[in-house]
Amino acid sequence: MAGLRLVAVAAVADALSSKLVTRTYRGETYESRVDAASRPGLPPLVLIPPVGVGIDRRFFGRLQDCWQGGAATHAPDLLGIGSATP
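Residue numbers (the numbering used here): 2 to 87.
Treat the hints with caution; some may be incorrect.
Label-pair distances were calculated between CB atoms; the ranges are [unchecked claim]:
#, residue 1, residue 2, range
1, P44, R24, 18 to 24 angstroms
2, T30, I56, 29 to 35 angstroms
3, P44, G81, 36 to 42 angstroms
4, G81, R40, 33 to 39 angstroms
The hints are simulated quantities; they were obtained by calculation from the structure and are not laboratory data.
Every residue gets a Cβ at the ideal spot worked out from N, C-alpha and C, and that includes glycine.
Let the sequences and hints guide you as you build the complete structure.
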């Protein structure tokens with residue numbers, strides 16, 4: 002049980018280290034969840050949600066919470082989906 006608690010605490014700490022970034026591209030705003038790299042120098046992992054089904058950046062939340070690959074992760078909302086303006 003102690004190992005399970007440790008994993009849960011680590012996942013919560015990782016989730017708290019992520020941040021929601023609001024950006025503007027050609028006059029349209031969108032948000033992206035960005036988790037910092039634990040091993041600098043690796044290229045970032047960009048997580049693009051499926052197109053045409055209305056899924057936003059939150060689709061990858063659990064993956065980002067558990068990611069152990071060391072690279073930074075970016076999960077943007079596509080324009081017109083989630084908090085992004087059309």
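*Can you name, in rising order, the numbers of the hints this structure does not satisfy?*
Those not satisfied are hints 2, 3.
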